[in-house]
Amino acid sequence: MLRAIVAEQMKLKGNRLLFLCSAIALTLPAILVVNVEADAIGWVYRLQFLCQFFLYPILSSFVITFLIQKEYADQTIINSLTAPVARMTFLGAKLAVWLIWYLLITFGFWVIVSVRITLVFDVETLLESWGTITAMILKTGILYFCAMSPIAWIAVMQRKMFYLSLLAAFLMSSAGFAGLLTHGMMGSIVPWFAVMLLNMPNGDVVASVAYASIGTCSAVGFGLAACSFQMQEL
Amino acid sequence: MDLAIETNMLSKRYGRQTAINRASIHVKTGRIYGLLGRNGAGKTTIMKMMLGLASPTAGEIQMFGKKLVGNQKEIYPRIGSIVEVPGFYPNLTGTENLKVFAKLRGMIKKDAVKEALEKVNLPYNDKKKFAAYSLGMKQRLGIANAILNDPELLILDEPTNGLDPIGIAEVRAYLRKLSGSYGKTILISSHILSEIALMADDVGIIHEGVLLEESSIAELNKRNEKYVSVEVSDVSLAARVLEKSVGQNFEVVSENALRIYGSRRSVSDINRVLVEAGVEVSELIAHRANLEDYFKRITGGVGIA
Ligand SMILES: Nc1ncnc2c1ncn2[C@@H]1O[C@H](COP(=O)(O)OP(=O)(O)OP(=O)(O)O)[C@@H](O)[C@H]1O
Ligand SMILES: [Mg+2]
Numbered sequence: 003m004l005r006a007i008v009a010e011q012m013k014l015k016g017n018r019l020l021f022l023c024s025a026i027a028l029t030l031p032a033i034l035v036v037n038v039e040a041d042a043i044g045w046v047y048r049l050q051f052l053c054q055f056f057l058y059p060i061l062s063s064f065v066i067t068f069l070i071q072k073e074y075a076d077q078t079i080i081n082s083l084t085a086p087v088a089r090m091t092f093l094g095a096k097l098a099v100w101l102i103w104y105l106l107i108t109f110g111f112w113v114i115v116s117v118r119i120t121l122v123f124d125v126e127t128l129l130e131s132w133g134t135i136t137a138m139i140l141k142t143g144i145l146y147f148c149a150m151s152p153i154a155w156i157a158v159m160q161r162k163m164f165y166l167s168l169l170a171a172f173l174m175s176s177a178g179f180a181g182l183l184t185h186g187m188m189g190s191i192v193p194w195f196a197v198m199l200l201n202m203p204n205g206d207v208v209a210s211v212a213y214a215s216i217g218t219c220s221a222v223g224f225g226l227a228a229c230s231f232q233m234q235e236l
Numbered sequence: 018m019d020l021a022i023e024t025n026m027l028s029k030r031y032g033r034q035t036a037i038n039r040a041s042i043h044v045k046t047g048r049i050y051g052l053l054g055r056n057g058a059g060k061t062t063i064m065k066m067m068l069g070l071a072s073p074t075a076g077e078i079q080m081f082g083k084k085l086v087g088n089q090k091e092i093y094p095r096i097g098s099i100v101e102v103p104g105f106y107p108n109l110t111g112t113e114n115l116k117v118f119a120k121l122r123g124m125i126k127k128d129a130v131k132e133a134l135e136k137v138n139l140p141y142n143d144k145k146k147f148a149a150y151s152l153g154m155k156q157r158l159g160i161a162n163a164i165l166n167d168p169e170l171l172i173l174d175e176p177t178n179g180l181d182p183i184g185i186a187e188v189r190a191y192l193r194k195l196s197g198s199y200g201k202t203i204l205i206s207s208h209i210l211s212e213i214a215l216m217a218d219d220v221g222i223i224h225e226g227v228l229l230e231e232s233s234i235a236e237l238n239k240r241n242e243k244y245v246s247v248e249v250s251d252v253s254l255a256a257r258v259l260e261k262s263v264g265q266n267f268e269v270v271s272e273n274a275l276r277i278y279g280s281r282r283s284v285s286d287i288n289r290v291l292v293e294a295g296v297e298v299s300e301l302i303a304h305r306a307n308l309e310d311y312f313k314r315i316t317g318g319v320g321i322a
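The listed protein sequences derive, respectively, from chains H and C. In terms of the working numbering, the first sequence is residues 3 to 236. In terms of the working numbering, the second sequence is residues 18 to 322.
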């Protein structure tokens, strides 16, 4: 598995799309103007809205789509699998790269937010709210990654195509915003609503159901990706 | 003789279409086996099933004397392959590409990439990206990748596609050397008869998913040494007469000509039988058939390139 991940890294040399996605993901939170009318938490919350709930899901779907789709389009998947590499190892390495990218971007976002809070507010504010902010960003990052897992399945199924998974990511992210209009059981049972509501300060959500639905979603998403890839005819 | 690959009634259906129909292929260890068939015959499909890229609908594959199912981990590292087109990362150079696949294989031999590139006459460590390679260079890189881990068995799907005649001759000589001097087994597919005839020891002819014939090239040549062409006044009468005397072994090639294959009867004997039955024979010639005619006949007239 480690070998496959190292090989993934070798493949990314001179890769513009990944670079571009990372650049956008880190530049926007650094330059976005957010009104300072609320407290630091509220300020972070608004930035999260644009980045973690909209930008990152879309960008990360570009990343996983690109990682998988290119293997089909360039037919490199055949030489890889006959190398031989077990199909689960191959897919696992792709998902690992996706997760690593996602975590690095989330970490970058956290750093940028921390720096900006000291600039917009002051160091005391940062120290006071750091724990809360870190938890917010990390929780949203991880939960959103789980809720996005069906994208991996679509990326495998669509082979050389790419717009299906991008469209799906857009729909999921939109669903998150639609989730703001829901509450209670309804808001908890749909994983993309749940991610949104769980992050909301005082969001009306049944936490156990919400976590369960996101967990189920990721199990189903990654499970389907694994099964379909294992059985896929190439 | 040991078999490196053996398939038993292997079938593959795509929806309602039968791509491979009960093919039993026998690839002997240390020999070059040419899988010959026209476009869409099913060559790639067979190789994909052997390599685990597609799963058989029915039938079984054995490699190195073991069932493929359940032994993939042990079998696949002993195989090098090219399937359809040489798929490489366009943003990397040839050397970098091979290093990726060497990494995936977990190879330890240090100079393997360099040696493989040398063998196919590609430069090591040059700056050219795969995207800028010519078709022939791409194909060479595909061959280099297939031989990277010095495999016992090579499964090559049309490896000379896109090479110029000199390139084809080089690859042919190289593959012959691999099999002759190093005892490698090679399964190679092609739709070009002359290529297979020049390179292979054994040949399997596949047509519309059916393995029509499997034998050694030497045997084929022997078997198809002769045919007798006959020009007659009345083909249908002649056909009826021949059916009784030589069996099914003839074909009508035009409205007044027939060919009789592999008959033990002499030319004069055939002449006598026809004339006695009232058929006017205007010409009767004994020929050496070539493989091309033979393929044309067994594929039902469509022939092969
Ligand atoms: N994934 C697939 N789905 C449906 N049909 C397929 C698929 N792959 C192959 N076929 C069909 O199976 C048959 C055999 O195809 P295959 O690619 O094995 O032929 P081939 O002998 O390799 O031809 P070529 O010389 O053109 O490469 C064809 O009729 C093809 O249309
Ligand atoms: Mg083919």
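Hints may be right or wrong, so weigh each one.
[Said to hold, decoys possible] Keeping only pairs whose Cα atoms sit at most 27 angstroms apart, straight-line, the calculated DSS-like set for lysine-lysine is:
no.	chain 1	residue 1	chain 2	residue 2
1	H	162	C	131
2	H	15	C	116
3	H	15	C	131
[Stated by the list, open to error] Every beta carbon over 10 angstroms from chain C, so not counted as near; a handful from chain H, in silico:
no.	residue
4	5
5	77
6	87
7	109
8	130
9	159
10	165
11	214
Hints are computed from structural coordinates only; laboratory data are not their basis. Bear in mind the structure is a predicted one, so any value in this text is a computation, not a measurement. Don't be surprised by glycine CBs; every beta carbon is placed ideally from N, CA and C.
| task | Against the structure, test the hints numbered earlier, and report the numbers of the ones violated in rising order. | result | 1, 4, 5, 6
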